[in-house]
Amino acid sequence: GAGVSQSPSNKVTEKGKDVELRCDPISGHTALYWYRQSLGQGLEFLIYFQGNSAPDKSGLPSDRFSAERTGGSVSTLTIQRTQQEDSAVYLCASSSTGKSPLHFGNGTRLTVT
Amino acid sequence: RKEVEQDPGPFNVPEGATVAFNCTYSNSASQSFFWYRQDCRKEPKLLMSVYSSGNEDGRFTAQLNRASQYISLLIRDSKLSDSATYLCVGMDSSYKLIFGSGTRLLVRP
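Those protein sequences? They're chains C and R, same order as listed.
The opening position of the first sequence corresponds to residue 1096 in the working numbering, with each subsequent residue numbered one higher.
The opening position of the second sequence corresponds to residue 890 in the working numbering, with each subsequent residue numbered one higher.
Careful, some of the hints might be misleading.
[What the hints assert, rightly or not] If you want the footprint, here are the derived chain R segments under chain C, 3+ residues with CB under 8 Å:
id: 1; region: 915-924
id: 2; region: 934-948
id: 3; region: 982-990
Hints are computed from structural coordinates only; laboratory data are not their basis.
Only a predicted model underlies this, so the values are computations on that prediction, with no experimental measurement involved.
Beta carbons: idealized from backbone N, C-alpha and C, even for Gly.
Next up, chain R with everything else stripped away, as it sits in the complex (with noise of 0.2 Å):
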């Protein structure tokens, strides 16, 4: 099993609505979670840190559920721009920092 999973995706969506990704990871103990986002043929850049009280920064709002052992995203009113792949971060077993495998967003008009 990887230690951080998400679900490929694409997700595909109509402009202004509402998209959820979850992200599971394993090591319990894990103490930082992240929320990357990653256009094509770029680099990835930090999107939001995860913090256990959850948190939100404009449309976005990331959670954590650590007696589930999963991490969330959700994007309100999308839109166009949003279209990306969502990457989500966690600690493995010997407590680096790994990556999920990434959601691939599509927003369409």
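Here chain C stands alone, though its shape is the one from the complex (with noise of 0.2 Å):
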């Protein structure tokens, strides 16, 4: 079946620009992540959905961050008034349950000049 889904795989965008990343995790996979992996850094975590509940946003590095998640699949993750810190791989995953392991995309590299 298929994997988890990023789009799009690359993104350059300009300084002070709005980006939208997508996420279509596992059908039927209740728990969605979004992390952020820096250059030689580890992953830090972004935001947190699990079905209907309301999603864990504690990760999230500033209000210029948003996520939201549709009817329970898609996620989208976007990113107001780009800096060139954003600049970063934006993984999602997903699992079946809150306790499952996490099954990853092959993320989004976004670059801001």
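Both chains are sitting in their own frames, so use the hints and assemble them into the complex.
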């Protein structure tokens, strides 16, 4: 079956522009995570969706970052007024429950010029 | 203190060596633990889940020590292809999955 799909795979944008990153989780997976990974660094938690519960937004670095998950499936991460420090790989992962192993997408490599 | 902590390494070992990584966690009620492997510029991939009784998959053995709140990964007979970053995963105080910062392993010929 299909794995986690992320798009675009690469995005180059100018400082100050808004970007939207998309994640299509594995069908039926109730849990969805967004992480950010800068070059040579670990995974930084951003946001967690679990079923119909309110998302855990505790990892979002600023109010320029927001995410939603429509119909319990597809998720979009939006970064407004991008800054150069937003440049990183944004990884989405889903799991069948909140306690099961995570399956990752290939990530979106964001470069802010 | 980070909720999941690992020694960043790097661990530099010869082929055929046995190497072990530990990872400490702070949420004593954490119910899920995993080890992931991440190759350079790739997404993390699940290596193995960690069960209370310990589990083995070929050359890899994972253990959970609840009393001391750590998990471990043992790699026997290291191969060049084992060179990667190994990430441990546990649950934080709000029971979401969080990653350690990773331990880098270099296996040399």
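Here is what the structure says about each hint:
no.: 1; hint: 915-924; in the structure: holds (count 3)
no.: 2; hint: 934-948; in the structure: holds (count 3)
no.: 3; hint: 982-990; in the structure: holds (count 8)
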